[in-house]
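Those sequence lines, one after another, are chains A and B.
For the first sequence, our numbering assigns the number 1 to the initial residue and increments by one for each residue that follows.
For the second sequence, our numbering assigns the number 1 to the initial residue and increments by one for each residue that follows.
Just so you know, nobody snuck in bad clues.
Computed cross-link-like contacts, SDA-like style, restricted to lysine to any residue with a CA-CA straight-line distance of at most 25 Å:
1) B:Lys171 with B:Leu56
2) A:Lys164 with B:Pro116
3) B:Lys38 with A:Arg49
4) A:Lys164 with B:Arg115
5) B:Lys38 with A:Gly11
6) A:Lys164 with A:Ser33
7) B:Lys171 with B:Ala185
8) A:Lys164 with A:Arg194
9) A:Lys164 with A:Gln119
10) B:Lys38 with B:Ala135
11) B:Lys38 with A:Ala48
12) B:Lys38 with A:Phe10
13) A:Lys164 with A:Arg91
14) B:Lys38 with B:Thr145
15) B:Lys171 with B:Val90
16) B:Lys38 with B:Leu51
17) B:Lys171 with B:Leu198
18) B:Lys171 with B:Ile9
Derived list of chain A stretches under chain B, where covered just means 3 residues or more per stretch with a C-beta under 8 Å from a C-beta of chain B:
19) 69-77
20) 82-95
21) 134-147
So, partial list: chain B residues that the calculated Cβ filter (under 8 Å) puts toward chain A:
22) Arg115
23) Pro116
24) Leu138
If you are wondering where the hints come from, they were derived from the structure by calculation, not from laboratory data.
Quantities reported herein were computed from a predicted structural model and do not represent experimental measurements.
Note that beta-carbon positions come from the ideal geometry of N, C-alpha and C, so glycine has one too.
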Amino acid sequence: MIRFRLDGRFGGFRLDVQAEVPAHGVTALIGPSGSGKTSLLRCLAGLARVDGEVEVAGAVWQDAERFMATHRRGVGYVFQEPSLLPHLSVRRNLEFARRRAGEGPGPAFDETVEMLGVQALLGRSPGTLSGGERQRAAIARALLSRPTLLLMDEPLSSLDAAGKADVLPYLETLHRSLRLPVIYVSHDAMEVARLADRVLRIERGRLRGPATELAAARADPLALLDEAQVRALARAALAAGLAVESEHDPRST
Amino acid sequence: MGQVVWITIALATLTTVILLVLATPLAWWLARSRSWWKEIVAAVTALPIVLPPTVLGFYVLIALAPSSPLMDLFQPFGIRTLAFTFTGLVIGSVLYSLPFAVQPIRGAFEALGDRPLEVAASLRASPLDAFFSVALPLAARGFLTAAVLVFAHTIGEFGVVLMIGGAIPGKTEVVSIRIYQDVEALDFADAHRLAAGLVAFAFVVLFGLFMLRRRADERRDGR
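For reference, chain A alone in the conformation it holds in the complex (with noise of 0.2 Å):
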């Protein structure tokens, strides 16, 4: 589980928040401009500090005698705005998140390139790429220090809609690929249907109640796709002959 109870100022707000919720999937964190969603996360990073206590899948990162610092906690994060490091190449952008990464399982360098689709980019500075794809290697390098959980910050607000398109596609394949336990702040309600499996709402320095899983859309699988799909999915089970198996997955078609 990841708790935390956090309660403290940022100038003249103030963040007074409690949850508990699962160590896995991806759970949207949303409300309007200026509700808190961004401090929450730099708190639970440990970017930025109140009182209170954070806890991931068993290990203290905050309490009232420790605070643990950003670089120990083994948080991956992604900023609202793309944030490569300038003066390196993608490759080495990646590089130094993975010379730093911590022990254990984790995504290796080819596959976590391949999944972002950022093999053609690996050679180049940050400053020729686009938003969409500079936003790719952000998220490709938060994986490759092998996080323990993946915070992000509206990661496709700052891209324009060809930005948004680049990216969302990647960001679906991660949520059904990783078991990475991932906070995803957003205030759109799109984003969250396509990547989200339960939603935490706050407004105004506050959390109006738990989380509520998305969960019963998806036992459905069918329930996810648009008319479109579900019909080219019926010509490929009978092009098929019919012989599918229950495992078939509806979106590779």
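Assemble the complex: chain A is given as a structure, and chain B must be docked to it using the hints.
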């Protein structure tokens, strides 16, 4: 003439190396600290920009003179005075050029903002690791500017080196003072050689700096 050029270059190089090492932690602290009294320290380090070199030279000379409180501390090591010595010149030059090292480096550190360091921390880089692997390379421009300014400023100084060094040939006489003495002795030929040499040197250094910057910017933009 070779010796006076050699002493000048040795003084400028030593001053530059010492200042880059000393100014870096100071500039980092000035850029990152939130305490208000850091501005007192900032003002003190900037004093040599405003003060006439003779004022600074005067106080440093007094501090380095025999049986000054500072020199009393060095007495046990067999050092009685540093006035009119090359070491004294280096100390004076370091103080005199301090702001020219601190300001560009502080500016470069401030321009970084918090984000690159937060990124580094989220990728498990300790603060020291992040300083060397992220902050230093990103502030490279500031270091380059600082190094060139300090080196050139030390070559160009006159008042401080005259006060502290006393222009002892072969020991503390540098090019700028030698030119003055040549002119006083009506040895215009020697003065011309050194003066023209300094003009050419200054041009080459500044041109090299601007080209280096241009290349660094191009590399960063991936051109």
